[in-house]
Amino acid sequence: MLFGNLIFYLFVAITVLSAGVVVFSSKLTYSVFALLFTFFGVAGIYVFLEADFLAAVQLLIYVGGVLVLLLFGVMLTNKITDVRISQSSVNRIIGVLISLGIFGILAYVAVTTVWNSVGDRVITETVSTIGTLFMTKWLLPFEVASVLLLAALIGAAMLARRPQNSREQS
Amino acid sequence: MNHLVVYLLVSAVLFVLGLLAVMSRRNAIAVLMGVELILNAANINFVAFTRFSSTTLDGHLVAIFVIIAAAAEAAVALAIVLNIYHNYQTINVDDAASLRG
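Respectively, the protein sequence lines represent chains W and P. According to this note's numbering, the first sequence is numbered sequentially starting from 333. According to this note's numbering, the second sequence is numbered sequentially starting from 243.
The shape of chain W in the complex, shown without the other chains:
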């Protein structure tokens, strides 16, 4: 159990520290690669919460999809040797103060509230249960999500395409 605790806090440390790098790094490429470690750490936290399917989904979609998209965005919109890639921050002091205030409120609520607990529950068979829920209780949101993905696909393709007239000019 002690060893498990150690691994858990290792994951927590990876998550929090790399998230800090994401926010405070002055180089955008560093931010993106730190985000990779944040997603890995969150996936590890999911494993400790007995959500094995979600951990796999997190790795597949976030690390495999979203992160690659962000990396494409960085590479396409910044010249790597350009000094201006180190995008500075504005309102950092005010932002830090507001963030600390919100964190204080959240931490106070999380610590002082007596949360409803169901005791030690062992989650088994997450994948089959999730599949059954998707096809029964959550069928309508499932279909709406698929339509949303289709709309996002078409919309992103249409937006990212160059306008027709500028292609004729060039």
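Just so you know, these hints were derived from the structure itself, not from any lab. Just so it is clear, the structure is predicted and the values come from calculations on it, not from any experiment. The beta carbon of each residue, even a glycine, is placed where N, CA and C say it ideally should be. Heads up, some of the hints might be wrong.
To be verified - Simulated restraints on C-beta separations:
id : chain 1 : residue 1 : chain 2 : residue 2 : range
1  : W       : R494      : P       : T297      : 48 to 54 Å
2  : P       : S295      : W       : M467      : 21 to 27 Å
3  : W       : V476      : P       : S295      : 23 to 29 Å
4  : W       : G396      : P       : D300      : 23 to 29 Å
5  : P       : R342      : W       : G463      : 28 to 34 Å
6  : P       : S295      : W       : T361      : 39 to 45 Å
7  : P       : G343      : W       : V459      : 19 to 25 Å
8  : W       : V479      : P       : L341      : 27 to 33 Å
9  : P       : N329      : W       : V459      : 42 to 48 Å
10 : W       : L338      : P       : G343      : 54 to 60 Å
11 : P       : D336      : W       : S449      : 45 to 51 Å
12 : P       : V247      : W       : F474      : 28 to 34 Å
Stated by the list, open to error - List of simulated lysine to any residue pairs, SDA-like, C-alpha gap at most 20 Å:
id : chain 1 : residue 1 : chain 2 : residue 2
13 : W       : K469      : P       : L246
14 : W       : K469      : W       : V479
15 : W       : K469      : P       : Y327
16 : W       : K469      : P       : D300
17 : W       : K359      : P       : D300
18 : W       : K359      : P       : V308
19 : W       : K469      : P       : T297
20 : W       : K359      : P       : Q331
21 : W       : K359      : P       : R268
22 : W       : K359      : P       : N334
23 : W       : K469      : P       : V308
24 : W       : K469      : P       : D336
25 : W       : K359      : P       : V264
26 : W       : K469      : P       : I310
27 : W       : K359      : P       : Y327
28 : W       : K359      : P       : V335
29 : W       : K469      : P       : R268
30 : W       : K359      : W       : N423
31 : W       : K469      : W       : V459
32 : W       : K359      : W       : L401
33 : W       : K359      : W       : L349
34 : W       : K359      : P       : V277
35 : W       : K359      : P       : T332
36 : W       : K359      : W       : R424
37 : W       : K469      : W       : G487
38 : W       : K359      : P       : M265
Please build the complex by placing chain P on the supplied structure of chain W, with the hints as guidance.
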């Protein structure tokens, strides 16, 4: 590691860091990364409450829907950012202010 509060605190830290990125970064892609951090924090909360104070797995499904929405949002937002870059030659969110009255 078997306390709900630990997960809630980790999630609060992630949320606050994401909020800070959204508020203070000027690069549009950095703002997007802040949004992803916030969504991850929300997901940790959903899964933690499912584990500790629920008898069903509904929270996992909500987390999956959040991941779906995040993927769609990232794709569309990146397309918009690329368009802004083509039109303005910058992705500084303060410079894309044509609609400001």
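Against the structure, the hints come out as follows:
1. W:R494 to P:T297: 48 to 54 Å: holds, 53 Å
2. P:S295 to W:M467: 21 to 27 Å: holds, 25 Å
3. W:V476 to P:S295: 23 to 29 Å: The hint (23 to 29 Å, Cβ to Cβ) holds, given that W:V476 and P:S295 are roughly 27 Å apart.
4. W:G396 to P:D300: 23 to 29 Å: Once the Cβ atoms are compared, 26 Å apart, the range 23 to 29 Å for P:D300 and W:G396 holds.
5. P:R342 to W:G463: 28 to 34 Å: Check failed, 48 Å falls outside 28 to 34 Å.
6. P:S295 to W:T361: 39 to 45 Å: holds, 40 Å
7. P:G343 to W:V459: 19 to 25 Å: violated, 52 Å
8. W:V479 to P:L341: 27 to 33 Å: holds, 29 Å
9. P:N329 to W:V459: 42 to 48 Å: holds, 45 Å
10. W:L338 to P:G343: 54 to 60 Å: holds, 56 Å
11. P:D336 to W:S449: 45 to 51 Å: holds, 46 Å
12. P:V247 to W:F474: 28 to 34 Å: Given range 28 to 34 Å: holds, Cβ gap about 32 Å.
13. W:K469 to P:L246: Violated, at roughly 27 Å.
14. W:K469 to W:V479: holds, 18 Å
15. W:K469 to P:Y327: Distance ~43 Å between W:K469 and P:Y327 Cα, so the pair is violated.
16. W:K469 to P:D300: Roughly 9 Å separates the two Cα atoms, so the pair holds.
17. W:K359 to P:D300: The hint is violated at about 39 Å.
18. W:K359 to P:V308: violated, 28 Å
19. W:K469 to P:T297: Holds, because 15 Å separates the two Cα atoms, which is no more than 20 Å.
20. W:K359 to P:Q331: Holds. W:K359 to P:Q331 sits at ~19 Å (cutoff 20 Å).
21. W:K359 to P:R268: With Cα atoms ~12 Å apart, W:K359 and P:R268 stay inside 20 Å; holds.
22. W:K359 to P:N334: holds, 14 Å
23. W:K469 to P:V308: holds, 17 Å
24. W:K469 to P:D336: violated, 44 Å
25. W:K359 to P:V264: holds, 16 Å
26. W:K469 to P:I310: holds, 18 Å
27. W:K359 to P:Y327: holds, 18 Å
28. W:K359 to P:V335: Satisfied, since the Cα-Cα distance of roughly 17 Å is no more than 20 Å.
29. W:K469 to P:R268: Outside the cut-off at roughly 42 Å; violated.
30. W:K359 to W:N423: Holds, at about 18 Å.
31. W:K469 to W:V459: holds, 15 Å
32. W:K359 to W:L401: Within the cut-off at roughly 18 Å; holds.
33. W:K359 to W:L349: Between W:K359 and W:L349 the Cα gap is close to 16 Å, so the pair holds against 20 Å.
34. W:K359 to P:V277: At roughly 18 Å apart (the allowed maximum being 20 Å), P:V277 and W:K359 satisfy the hint.
35. W:K359 to P:T332: holds, 16 Å
36. W:K359 to W:R424: holds, 16 Å
37. W:K469 to W:G487: violated, 29 Å
38. W:K359 to P:M265: Judged against 20 Å, a Cα distance of about 17 Å means the pair holds.
Comparing the model with each numbered hint stated earlier shows that hints 5, 7, 13, 15, 17, 18, 24, 29, 37 do not hold.
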